[in-house]
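**Student:** Turn these sequences into a full structure, and let the hints steer you where they fit.
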Amino acid sequence: MAVLVIADHDGQSVRDTTAKTVTAAQKLGGDIDILVVGQGAQAAADSAAKISGVRKVLLAESAELGKTLAEAVEATVLPLADGYDAILTPANMDGKNFAPRIAAKLDVSPISDIVEVISADTFVRPIYAGNALETIKSSDAKKVITVRPTAFDAAADGGSASVENVSGGEAPKTDFVSEEMVKSDRPELGAAKIIVSGGRALGSAEEFHAVMDPLADRLGAAVGASRAAVDAGYAPNDYQVGQTGKVVAPELYIAIGISGAIQHLAGMKDSKVIVAINKDADAPIFQVADYGIVGDYKTVVPELMTALG
Amino acid sequence: MKVLVPVKRVIDSNVKARVKADQSGVDLANVKMSMNPFCEIAVEEAVRMKEGKGHAAETASEIVVVSIGPAQAQETIRTALAMGADRGILIQSDTDLEPLAVAKLLKAVVEEEKPELVLMGKQSIDGDNNAVGQMLAALLDWPQATFAAKIEIGDGKATVTREVDGGVQTVAVQLPAVVTTDLRLNTPRYASLPNIMKAKKKEIATKAVADYGVDVTPRLTVQKVTEPPKRQAGEKVADAAELVAKLKSKGVL
Numbered sequence: 001m002a003v004l005v006i007a008d009h010d011g012q013s014v015r016d017t018t019a020k021t022v023t024a025a026q027k028l029g030g031d032i033d034i035l036v037v038g039q040g041a042q043a044a045a046d047s048a049a050k051i052s053g054v055r056k057v058l059l060a061e062s063a064e065l066g067k068t069l070a071e072a073v074e075a076t077v078l079p080l081a082d083g084y085d086a087i088l089t090p091a092n093m094d095g096k097n098f099a100p101r102i103a104a105k106l107d108v109s110p111i112s113d114i115v116e117v118i119s120a121d122t123f124v125r126p127i128y129a130g131n132a133l134e135t136i137k138s139s140d141a142k143k144v145i146t147v148r149p150t151a152f153d154a155a156a157d158g159g160s161a162s163v164e165n166v167s168g169g170e171a172p173k174t175d176f177v178s179e180e181m182v183k184s185d186r187p188e189l190g191a192a193k194i195i196v197s198g199g200r201a202l203g204s205a206e207e208f209h210a211v212m213d214p215l216a217d218r219l220g221a222a223v224g225a226s227r228a229a230v231d232a233g234y235a236p237n238d239y240q241v242g243q244t245g246k247v248v249a250p251e252l253y254i255a256i257g258i259s260g261a262i263q264h265l266a267g268m269k270d271s272k273v274i275v276a277i278n279k280d281a282d283a284p285i286f287q288v289a290d291y292g293i294v295g296d297y298k299t300v301v302p303e304l305m306t307a308l309g
Numbered sequence: 001m002k003v004l005v006p007v008k009r010v011i012d013s014n015v016k017a018r019v020k021a022d023q024s025g026v027d028l029a030n031v032k033m034s035m036n037p038f039c040e041i042a043v044e045e046a047v048r049m050k051e052g053k054g055h056a057a058e059t060a061s062e063i064v065v066v067s068i069g070p071a072q073a074q075e076t077i078r079t080a081l082a083m084g085a086d087r088g089i090l091i092q093s094d095t096d097l098e099p100l101a102v103a104k105l106l107k108a109v110v111e112e113e114k115p116e117l118v119l120m121g122k123q124s125i126d127g128d129n130n131a132v133g134q135m136l137a138a139l140l141d142w143p144q145a146t147f148a149a150k151i152e153i154g155d156g157k158a159t160v161t162r163e164v165d166g167g168v169q170t171v172a173v174q175l176p177a178v179v180t181t182d183l184r185l186n187t188p189r190y191a192s193l194p195n196i197m198k199a200k201k202k203e204i205a206t207k208a209v210a211d212y213g214v215d216v217t218p219r220l221t222v223q224k225v226t227e228p229p230k231r232q233a234g235e236k237v238a239d240a241a242e243l244v245a246k247l248k249s250k251g252v253l
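Note that the protein sequences, when read in sequence, are chains A and B. Residue 1 is where the first sequence starts when you use this note's numbering, and the numbers rise one by one after that. Residue 1 is where the second sequence starts when you use this note's numbering, and the numbers rise one by one after that.
A couple of the hints might just be wrong.
As the list claims (entries may be wrong) - Computed list of lysine to any residue pairs in SDA-like fashion (alpha-carbon distance at most 25 Å, straight line): (1) K207/B to S93/B; (2) K105/A to V214/B; (3) K16/B to V124/A; (4) K137/A to E227/B; (5) K193/A to E242/B; (6) K279/A to N14/B; (7) K137/A to K236/B; (8) K230/B to V216/B; (9) K298/A to E242/B; (10) K248/B to V124/A; (11) K236/B to A281/A; (12) K269/A to R231/B; (13) K248/B to K137/A.
The set of hints was computed from the structure by calculation and includes no laboratory data. Small disclaimer: the values here were computed from a predicted structure and weren't measured.
**Tutor:** Right under this line is the structure:
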């Protein structure tokens with residue numbers, strides 16, 4: 001048995017979502033190789049080689065892989081697929097984009113967003129916005145799986161796998177045009193230990209940033225938002241926590257002016273400690289919060305800043 | 001340009017799904033069903049392409065809606081027709097098919113209908129797989145642009161701004177292509193009464209899965225469906241100072 005993990009990385013190093021996916025791969029059993037796709041991603045491949053329990057790292061590079069175009073990832077993975085019984089990747093936006101494409105080419109049913117490995121062919125995954133968990137058994141000889149990183153611990157460092165180059169695929173019918181990335185010195189939502197998240201109650205983009213940014217900076221936290229706040233333009237799409245946005249599970253999640261729609265709860269209810277600040281005492285968010293303050297964020301957040309010192 | 005829009009009938013997004021006591025699945029008896037919200041966004045965008053609203057005039061010439069599901073999925077198709085789609089195809093299936101089977105059926109529909117664009121929701125809110133669009137593109141060897149927040153059609157290409165981790169990415173895919181819709185693409189309209197009446201006269205062809213000669217044998221067996229562990233509501237604290245003290249004692253600050 002051999003498993004291929006397609007890494008999530010920033011060009012310099014693999015993100016901890018990769019180490020968490022390696023943990024899921026270990027539960028399937030067998031040898032684990034990591035594939036790093038990108039351009040100028042040698043450093044990321046070297047960091048992948050340090051994850052403990054990894055047999056080898058494959059590095060594939062091309063301009064299209066530098067933009068993680070799904071067609072290019074598919075073209076890179078297909079020639080390698082014969083050597084593996086399972087292909088795993090984190091269920092982030094990139095993984096969700098290319099994994100089903102690879103599965104279709106291999107004529108297998110993809111297994112999306114697993115939160116538990118029962119055995120090499122049986123997995124648990126959330127459905128209906130996390131309101132139900134299904135246990136499914138796959139009869140496909142080869143499995144293509146996306147892994148919800150927050151459900152697994154990161155595999156430790158301490159490995160010294162070799163790095164081999166493999167051929168990088170192209171995307172002949174897709175051209176990269178541009179990208180606009182949100183620049184921030186704060187931690188990424190997926191990796192942050194503390195997240196402060198704002199909702200529609202904040203009322204405007206200016207207010208959102210005026211309230212959330214200083215609090216996030218004080219706590220060393222990432223900033224999230226509810227779908228309502230993103231739809232209203234108060235926060236960029238990348239901030240959205242929820243069923244179709246980011247699924248997070250930090251040590252501490254502070255929800256400010258978020259009522260707690262089921263789609264939002266689906267994205268954060270696995271956080272270790274949840275704090276809700278909302279002026280509506282009946283808001284559903286209080287039903288999942290460990291600590292709640294009923295009050296207007298306009299008074300509570302400044303008090304919180306003072307209390308934090 | 002002919003546009004094919006696959007749509008799915010699912011539990012209404014405002015209804016909380018409840019797991020059946022025998023763990024065989026989610027209870028859908030007497031539950032309000034609606035068009036999957038992401039599919040609605042896809043229908044709306046196709047209609048705007050036809051109207052020239054936010055798109056070059058008449059970018060879309062014909063909009064064909066296809067649904068795979070039970071007989072009642074006809075209502076979902078009618079909703080799309082009332083929004084402005086031209087005609088519908090219902091592929092009747094009483095079992096919920098896996099994304100791979102759905103993608104194979106849609107491939108067969110594409111080969112028959114020959115659209116230049118397949119516009120569809122990025123995921124259905126029941127299975128939450130987020131897979132069919134990508135799989136259809138792969139089976140057709142077409143390019144894909146998933147999680148679209150903006151679409152422009154021109155010069156035989158779809159230029160699509162996609163929601164990705166860290167921000168947005170814009171790609172240009174050669175048509176024919178598959179584009180899947182994200183939340184910020186548009187706000188779907190409510191169909192007007194005259195349009196609902198008009199939709200009743202629009203054609204819906206009913207087909208069977210077997211008509212397409214596609215292997216839809218399941219590859220996955222659902223062993224059980226359970227409720228996730230429930231979180232208990234905690235305590236209300238009086239003020240920020242008490243909150244900070246509690247968080248410090250929990251070791252999270």
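**Student:** Please flag the earlier hints that this structure goes against, numbers listed from lowest up.
**Tutor:** 7, 8, 10 and 13
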